[in-house]
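Modelling step: build the complete structure from the supplied sequences, incorporating the hints.
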Amino acid sequence: MKIVVCIKQVPDTKGGVKFNPDGTLDRGAMLTIMNPDDKAGLEAALRLKEQYGAEVTVVTMGLPKADEVLREAMAMGADKGILVTDRVLGGADTWATSTTIAGAIRNLEYDLIITGRQAIDGDTAQVGPQIAEHLDLPVISYAQDIKIDGDYVIVQRQYEDRYHELKAKMPCLITALSELNVPRYMTPGGIFDAYEKEVTVWGRADLKDVDDSDLGLKGSPTKIAKASDKVRKGAGEKVVLDTEEAVAYLMGKFKEKHVI
Amino acid sequence: MDFSLDKKHEMARSLFREFAETEVKPLAQEVDETEEFPMETVKKMQKYGFMGIPVPKEYGGQGCDPLTYVMCVEELSKVCATTGVVVSAHTSLCIDPILTYGTEEQKQKYVKPLATGEKLGAFALTEPGAGTDAQGAQTKAVLDGDEWILNGSKCFITNGKVADVYIVIAITSVVTDKRGRKKKNFSAFIVDKGAPGFSFGTKEKKMGIRGSSTYELIFEDCRIPKENLLGPEGKGFPIAMHTLDGGRIGIAAQALGIAEGALDRAVAYTKERKQFGRSIAQQQNTQFKLADMAARIEAAQLLVYKAAMAKATQKVYSVEAAKAKLFAAETAMAVTTEVVQLFGGYGYIREYDVERMMRDAKITEIYEGTSEVQRMVISGALLK
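Sequences listed follow chains D and A, in order.
With the first letter of the first sequence counted as 1, position 53 gets the number 40 in the working numbering; the numbers rise by one all the way through.
Whatever position you read off the second sequence (first residue = 1), add 6 for the working numbering.
Careful: at least some of the hints might be erroneous.
Stated by the list, open to error - Computed spacing ranges between beta-carbons, pair by pair:
| # | chain 1 | residue 1 | chain 2 | residue 2 | range |
| --- | --- | --- | --- | --- | --- |
| 1 | D | 152 | A | 9 | 51 to 61 Å |
| 2 | A | 179 | D | 184 | 46 to 56 Å |
| 3 | A | 20 | D | 37 | 17 to 27 Å |
| 4 | A | 8 | D | 188 | 23 to 33 Å |
| 5 | A | 32 | D | 237 | 41 to 51 Å |
| 6 | D | 233 | A | 285 | 34 to 44 Å |
| 7 | A | 138 | D | 188 | 49 to 59 Å |
Hint data in this document are derived by calculation from the structure and do not stem from the laboratory.
Just so it is clear, CB atoms sit at the ideal spot from N, CA and C, and this is done for glycine as well.
What follows is the structure, given as structure tokens:
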């Protein structure tokens, strides 16, 4: 079995967020981690590898320094790493990103593609399902459990108050939740090995069946009006009133703020 | 000269730090209070290869270098010095001598399970009458057919009772020199737990590193196979001294970690603690103390890393190891004492980590060669 796992290097929210003048994230200036949902997806792939035997390839798109997140994945047990990086791919929104990743994956053999549900920097949850659309694959999102049954995957898809059990024929794409598992640590020897291995680096020219008009900032329909770091809320206002007064107070505030 | 770490070492450090913060730190106070050996943590470290970091892969290890191993002990000791010394004694004092002096059979039989962490190791040199003066040891070994028979006792043995494999130093002959003085010849042995006649005495109650298992070992007509002699007969003393050179780098890393952990807590606490209407970190007395500690810790780190690099590239590294251990241990003691002072009354309360750290720091000036021994090694090299 061949599994492709899509991972993203995201800002470590503990380290503060920095922006470029155009509103996009200044990724070069921030501390980074592997996106937690993606890490769960990678762990799921590594467990499938242990259980059923598989080759796990990790793919990421980003700055050259995103090489680090691939090395981390290989230090956890992934077999190969592919970095898609090119100036013309910068500033991509979810559409341009999924177009790019799909263009890279078209070069690979796969039975299963696993992505995280969403990245903690964008929180869109769009890229995984969009990749499936580009590649014309079935998609099962929000996976909380994954099993293999012959040519099929059986996945528990999380819902608010229940889960759905879905069966899909491979090849297909699954988006993983961080609740899926507790990812393993790297090993020291794994880290040393990961830095011995080559990471494959692909640019625009290596992407298969994609148009330039769908790539990078120019190919992104999303326009960012304004971006800012999290603004701290003030202390708020505390009032002690009896019930009727409280209702009147709240109604007044709602009207004042145009909530009603 | 470049003092920056390369990417693989940076990544290894982030691994050790994350593991220490997540898996070790939450248990540190409990391990100290209950004096219970952190077996669950050791099992987790086994799973992730922490028990054989500088050991070649062909012998079950991780194939990393001494620097990576040293950073592991450092990061573990930042949050729990007990966990740090478990790894250090196991790796430096038990695996390393077998790897250095063992036969291929001994490496296959002992290093593999030790490096994977399936087995735990210990080292036994010290005796009630032989501390710094290791020549005062009394434990004897006599060859009887295909077996060595050991008699005597060893004390203050780290990982005692929990270990499966012990390196034991014993007298194998006494010779008289031309002037009629008697000289003991020592040999090193590999002893398995469960060897007939090998038992454990009392468990020591200690000031610090209280979760580390410290026991007396007793050998009463203890029989071990002839092939468990480690290195040539009569070379036990140089083997022990060389092993301790490596061990001192591990303990230096433990001391460094304790000092760094204490400084981290001091920075956080002094920013929060308010006296006279402002945080104590805004007061110059605190600022100067923090600055002195930070400078001293970085100096210790450079010495420790230099010693680790010397172990990787040189045959002899006694002086580098002695300087690192001396300076890092005295830094740990000075820094933790100062940090307790900055915490004031809270620093004296057991609920706060810094009280434990000050108790833990003291042993680093004593075991694997006291600070006085390190000064003897350093000055001996200067004056020879």
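### Task
Give me the numbers of the hints this structure contradicts, sorted from smallest to largest.
none
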